[in-house]
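Student: Protein sequences, first through last, are from chains A and B.
The first sequence begins at 1 in my numbering and counts up by one.
The second sequence begins at 349 in my numbering and counts up by one.
Derived from the structure by calculation, the hints contain no laboratory data.
Some clues are possibly wrong.
Said to hold, decoys possible - Partial list, computed: chain A residues near chain B (C-beta under 10 Å): (1) 178; (2) 230; (3) 232.
To be verified - Some but not every residue of chain A turned toward chain B, in silico, with C-beta under 8 Å: (4) 169; (5) 173; (6) 174; (7) 176; (8) 180; (9) 181; (10) 182; (11) 184; (12) 231; (13) 233; (14) 272.
A quick note: this is a predicted structure, and the numbers were derived from the prediction, not measured.
Ideal Cβ placement from N, Cα and C applies to all residues, glycine included.
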Amino acid sequence: MQRQANEGETFLPDFCAGQSVLVVVVGAELLAIVLTLVGGLYDDLSVARFARVSLFVQWVALSSAGVLCLLKHWVSALPRAWASTLVVAVVVLATFVFSLAWRLALAWVVATTDPDYAVWDQRIWVHVAIAAVITGVMMRYFYVQEQLKRQERAELNSRIQALQSRIRPHFLFNSMNIIASLIAVDPDTAEQVVEDMSRLFRASLKEAGHEVPLADELDLCRRYIHIEQLRLGDRLQVEWHLEGLDQHAVTVPLLTLQPLLENAIYHGIQPLSRGGTVQVRAEVRDNMVRLSVSNALPEQHTQHGGNRMALENIRHRLTALYGQRARINARELDDCYEVEIVYPAWRG
Amino acid sequence: MRVLVCDDEQLARGRVKRLAEEIEGVTVVAEAADGREAVSEAQRTQPEVVLLDIRMPDMDGLEAASHLLNTERPPAVIFCTAFDEHALQAFKVHAVDYLLKPINRDDLAAALERAGSLNRVQLETVKEEVGLDEESSNQRQHISARTHKGLELVPVNEIRYFQADQKYVTVRWPEGEVLIDETLKELEDEFGDRFVRIHRNALVALDYLEGMELAEQGHYQVRLRGLDDRLTVSRRHVPGLRKVMQRM
Numbered sequence: 001m002q003r004q005a006n007e008g009e010t011f012l013p014d015f016c017a018g019q020s021v022l023v024v025v026v027g028a029e030l031l032a033i034v035l036t037l038v039g040g041l042y043d044d045l046s047v048a049r050f051a052r053v054s055l056f057v058q059w060v061a062l063s064s065a066g067v068l069c070l071l072k073h074w075v076s077a078l079p080r081a082w083a084s085t086l087v088v089a090v091v092v093l094a095t096f097v098f099s100l101a102w103r104l105a106l107a108w109v110v111a112t113t114d115p116d117y118a119v120w121d122q123r124i125w126v127h128v129a130i131a132a133v134i135t136g137v138m139m140r141y142f143y144v145q146e147q148l149k150r151q152e153r154a155e156l157n158s159r160i161q162a163l164q165s166r167i168r169p170h171f172l173f174n175s176m177n178i179i180a181s182l183i184a185v186d187p188d189t190a191e192q193v194v195e196d197m198s199r200l201f202r203a204s205l206k207e208a209g210h211e212v213p214l215a216d217e218l219d220l221c222r223r224y225i226h227i228e229q230l231r232l233g234d235r236l237q238v239e240w241h242l243e244g245l246d247q248h249a250v251t252v253p254l255l256t257l258q259p260l261l262e263n264a265i266y267h268g269i270q271p272l273s274r275g276g277t278v279q280v281r282a283e284v285r286d287n288m289v290r291l292s293v294s295n296a297l298p299e300q301h302t303q304h305g306g307n308r309m310a311l312e313n314i315r316h317r318l319t320a321l322y323g324q325r326a327r328i329n330a331r332e333l334d335d336c337y338e339v340e341i342v343y344p345a346w347r348g
Numbered sequence: 349m350r351v352l353v354c355d356d357e358q359l360a361r362g363r364v365k366r367l368a369e370e371i372e373g374v375t376v377v378a379e380a381a382d383g384r385e386a387v388s389e390a391q392r393t394q395p396e397v398v399l400l401d402i403r404m405p406d407m408d409g410l411e412a413a414s415h416l417l418n419t420e421r422p423p424a425v426i427f428c429t430a431f432d433e434h435a436l437q438a439f440k441v442h443a444v445d446y447l448l449k450p451i452n453r454d455d456l457a458a459a460l461e462r463a464g465s466l467n468r469v470q471l472e473t474v475k476e477e478v479g480l481d482e483e484s485s486n487q488r489q490h491i492s493a494r495t496h497k498g499l500e501l502v503p504v505n506e507i508r509y510f511q512a513d514q515k516y517v518t519v520r521w522p523e524g525e526v527l528i529d530e531t532l533k534e535l536e537d538e539f540g541d542r543f544v545r546i547h548r549n550a551l552v553a554l555d556y557l558e559g560m561e562l563a564e565q566g567h568y569q570v571r572l573r574g575l576d577d578r579l580t581v582s583r584r585h586v587p588g589l590r591k592v593m594q595r596m
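All chains, full assembly: derive it from the sequences and hints.
Tutor: Printed below as a string of structure tokens:
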């Protein structure tokens, strides 16, 4: 979604596309109806007049669209104001040329019967003025619509950013505490924790919706686990089930797996005095990547607000990237809680 | 000054201990890895101040504090936390002592210096506010009772029933019974989802409820798993209890 929007920065519709042509035809016909009705205020309404007006308006509209289609690449390179002016100019010119041609054709037909007939007629200028005003209004419409889309996109982007950067303050301060504790007794490990943390925070500041090889995400997860293991000691055990998986070929949106581990540890392992095991599984089946994290359940547990929020965040991010094909399932089994993420192995 | 340090993370505990012992006149008399241990160690070593982490497995800091208040000479309590928005808010409002992790040595010295005793009203309000905000249950995991052996902690999930006497409430669990100074009404409010009222003077644990039977004297009584005692069900509570048992 984002990508499409980024590559075509122009605010004008693509006049070569079938859909746009249809819109042009319908728009032109509506204009023809309005013009005929306005004419009806001064004269009798007639089908013949409507047909003539339609023919003329369609002629102008379609040929302008054709010209704009030919000029597409050139127009899209122009700044917005110049592009709009150019479009208006094209339509005005087309109107002028066809009005003139119309008058000339009529002149040729009626020349013998009406000696007072003049090719230059006020009507040509009326046509040109109407064309200029209508095209101007349309440009304004496209412009406003584009602004709206931009705004929506910016909002979506900032949402993704906000969701991604939500590394828990708990984690930040707990890690700081670990570093403070280690500096005096084990400076080497303290140094390692600082490195791991920098890696994690750098990742959380990356561009929204950034996809990385699974190997990178797993590396982040291992660094994260390393820090938590220092904190929780033997209470935290992690089992990795990654057999038969090409970690470099499979991609994953950055920081998708790590928040699941964080959840499993904060809500699953930490409340257990004996601790427990977190199991991480990754596999590709039927062209879908499946990542799952499960943890032992504390005896007395409540579905935590923080957990729900993290799952919602991941769900939004996956949907933004992969659409409806991605999903996230959380379920409670007998003695463990499992979250599974499924998304297409290849986009598109 | 005798200090007890309680934190479930060993590294964190080590650091607090180190910092505390650098302060003149301070001795760390014991360490504990969870609330239960803190309560029992506090009884054994009688510290003047307890540095208590909030988030711990089994028994969290807030609950441990409430049991500590139940001891004969309650120590001053200073809560420690890395990040607990709700709790911090409540501590500030109710002037409860707390320290933020990583703990700063000057802050620690100052906190130990002025450590005042925590009172029950403060603690209860704080617990209530924290519980409300976090959608987590506000129930204690243990009931504490002062006995001749000192403070005894009874895990709530082991309790079979509460029975009111004249002035006290008897808490019955497999390892015996203890008397506590709380009312059945308070207990019912707190543990209403786990205990059911069967008589004006008794609450029984739903988890251990085995059956209801007619006694020879013509009244109903309940059997509880792992217990020979039979408890009388008052006539008024029979229909309600029947409904509860059908749902099980």
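Student: Now look at each hint and say whether the structure bears it out.
Tutor: Results for each hint:
1. A distance limit of 10 Å between C-beta atoms decides the matter here; for residue 178 (chain A) the minimum to chain B is near 6 Å, and the interface restraint holds.
2. The interface hint given for residue 230 (chain A) holds, since its Cβ lies 6 Å from the closest Cβ of chain B, which is under the 10 Å cut-off.
3. Below 10 Å, beta-carbon pairs count as interface contacts, and residue 232 (chain A) has one with chain B at about 7 Å; its hint therefore holds.
4. Against a cut-off of 8 Å between C-beta atoms, the interface hint on residue 169 (chain A) holds, since the closest Cβ of chain B lies about 5 Å away.
5. Here the hint on residue 173 (chain A) is kept, as its CB sits about 4 Å from the closest CB of chain B, short of 8 Å.
6. For residue 174 (chain A), the shortest C-beta to C-beta distance to chain B is roughly 5 Å, which falls under 8 Å, so the interface hint holds.
7. A least Cβ separation of about 5 Å between residue 176 (chain A) and chain B falls short of the 8 Å threshold, and the interface hint therefore holds.
8. Taken as an interface hint, residue 180 (chain A) checks out: its beta carbon lies about 4 Å from the nearest beta carbon of chain B, inside 8 Å.
9. With 8 Å as the threshold, the beta carbon of residue 181 (chain A) comes within range of chain B, its nearest partner Cβ sitting at about 4 Å, so the hint holds.
10. Contact between residue 182 (chain A) and chain B, as hinted, is supported at the beta carbon level, the nearest pair being about 7 Å apart and thus within 8 Å.
11. Interface hint at residue 184 (chain A): satisfied, since its Cβ lies 7 Å from the closest Cβ of chain B, which is below the 8 Å cut-off.
12. A least Cβ separation of about 5 Å between residue 231 (chain A) and chain B falls short of the 8 Å threshold, and the interface hint therefore holds.
13. Nearest Cβ of chain B to the Cβ of residue 233 (chain A): about 6 Å, under the 8 Å cut. The hint holds.
14. Checking residue 272 (chain A) against chain B: minimum C-beta separation of about 6 Å stays under 8 Å; hint holds.
Consistency note: the structure conflicts with none of the earlier hints.
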